[in-house]
Amino acid sequence: MSLNGRAAIVGAWEHPTRLAEHLSVLRLHADCALGALADAGLDKADVDAVFCAGDVPGLGAATLVEYLGLRPLHLDSTECGGSAPILHVAHAAAAIAAGRCRVALVTLAGRPRAAMAEARAKAEAAGRSGGRAPLALRPPDPDCPELAFELPYGPATQNLYAMVARRHMHEYGTTGEQLAWIKVAASHHAQHNPHAMLRKVVTVADVVGSPLVADPLHRLDCCVMSDGGGAIVVAHPDIARSLKRPLVLVRGTGEAQKNADGGRVDLRFSAAAWSGPRAFAEAGITPAQIQYASLYDSFTITVLMQLEDLGFCAKGEGGRFVMDGNLIAGTGRLPFNTDGGGLCSNHPANRGGMTKVIEAVRQLRGEAHPAVQVPGCAWALASGIGGALASRHTAATLILERVA
Amino acid sequence: MRTIPAPMVQPETMPYWQAADAGRLLVKRCAACGEHHHYPRDICPFCGSAATEWREAAGTGRVYSFSTMGEGEAAYTLAYVTLDEGPTMLSNLVGEGPFACGQRVRVRFLPSDGGHAVPVFAPCTDAEGA
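So the protein lines, in turn, are chains W and R. Counted the way the working numbering counts, the first sequence spans residues -15 to 388. Counted the way the working numbering counts, the second sequence spans residues 1444 to 1573.
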C-alpha cells in the first residue's frame, strides 16, 4: 500500500533546552509531547498511538505511556538509533492508513550532557579523575555476537565515521576542505537560531584548523552533544484538515538497514541508497524537486554520503556539490539544516532524527527563521542515519509536501 | 599503549579465540556456497547453510580504511583490513605508520586485558611481499 497522502504531520515542537540539569528524561519527553499536541491544537486524550525508541527508558513505550497518562491502542518502539523518529513517521502513516489509529505521537528526548556532567562530578567527589565519560551511557550487551570482534579494537562513533571519510577521500579525491563546507553552511544557519549551541559563523580554515578528533575528521566535523528533544504528531488527513495549521502531507517513505555484511564491507554507500529511491518512487518526484533537505549530520561525512545516496548528486561528486556554500539558504542550490542542525544547534539524546523532521515541517509551514526560510517551500525531505555509518546503521527517508 | 579490552566470547566462536591464543587467525568458510565470512557464525550469512567450517587464514591482507584517535601513548588506529581470503574485518593497525588504504599488512596477536589474544595487523616488510 502506498502511504502517499495517507497521513499528515499536524504538530511539531522542539525543546529549547540544550542542558537539562534539572529536568528528568521523562519530563523532557512529556514537555515535547505536550508541546507538539498544543502546536497541533490537539489534546493528549486525542492520542491513540505512541511511537518512540530506545531513548525512552524501560520496556518500549510503557514508561512514557504511563508517565503521560495515555491510553494508546497502537504502539511501536522500533529502535534504530537516531533515525528512529523519521522511520516512526512512516510507521505511523502506515498504521493510520491501515485504520489502526488516527492521532500518533512520536517523541524523542534525553539528557546525555547533564548525565555526563553528573558522572564527572561524582567521580571527582570520590577522588577520581572525572575524565571524559563515554558517549555510550549503556553497557554493551554481551549477547551481541559482533561485539567480541569489535570492542577490543576501540570503535568510537568518531573513528567509525572517520573510516568512511577516509575511504571516500581515497576513492573519489574528496578533501577535508570540501567536508568543511558542510559545517560552514550549518554555522551560517545557526547564527539565526537563538537556541543553537554554536552560533558563531565558521570558515573552512576554522574547520580544518580545529584539532583532529579521529583523522581525517576534525572537531568541527562533529555534531554537538546536547540535551533536550522534540515531538511530532502524525494524524489522519481528515483530522489534519480540521485543524488550523498548514497541511503537511506524508508523500514518500523509505527505510533500509546496512551492515558489515559478513565481511563484504563497502563504505562507498550508506543504507540511504536503498531507502531513498523507495521514498522518491512513493512520492512520485525526483531529488531535483526537493526545495529543502534535513540531512542527518552526526558528522560532516554523514551529510556528504546522504547527498550522494539520495541522488542529489552523483556518487563521488559530494565533495564538489557542497563547496562554495551550495547548502546555504539563499545562495545554495540545496538549503539544508536551516536550524543549524546537529553540527551547530542540537543533537538531543545523541539522536538527530527528530530535529530533522521538525525543521522540515517549519520550512513547509513557512515558519523557519526569515533569514533561512526557503521561499514557497512545498517539497522537503528528512533523512536519517541511525547507528554507525561504517558498520550497522538504519537509514530512514521521508518526503513531505505542503498542500495549499 | 592502549589496554585492549577482553573480547566478550560466546561458545559459537570459542575456536577463533583459542586459535588466536596459539597465534593463528581463523576464518569461517561455508562448505555449501564456498564463501568466507567474518565475524564468524555457525550459520552462513550468505546462503543460510549450517555447514560452516573453520579455516586457517593466511594472515595477510590489505588496509581498506583506517582512523587514528587519541594522542601520544593513548593513540590507536582502528582499521578495516580485507583478508586475502575475501572478508573485511575490523581490527587495529600497529607498528610504523603512516598507514595507507591498500597497504599490505600481516596479522599479529596482542594480549587483551585478562582475556584471549586479539588479532591486529602491522605493515608487511619487504621480505613478506609488500
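Just to be clear, a hint being listed does not mean it is correct.
To be verified - Quick list of simulated restraints, FRET-style, between CB atoms:
id	chain 1	residue 1	chain 2	residue 2	range
1	R	1515	W	184	44 to 50 Å
2	W	27	R	1557	53 to 59 Å
3	R	1515	W	354	45 to 51 Å
Hints are computed from structural coordinates only; laboratory data are not their basis. We treat Cβ as the ideally placed atom computed from N, Cα and C, and that holds for glycine.
Hint check against the structure, violated hint numbers in rising order: Number 1 - this is the single hint that the structure violates.
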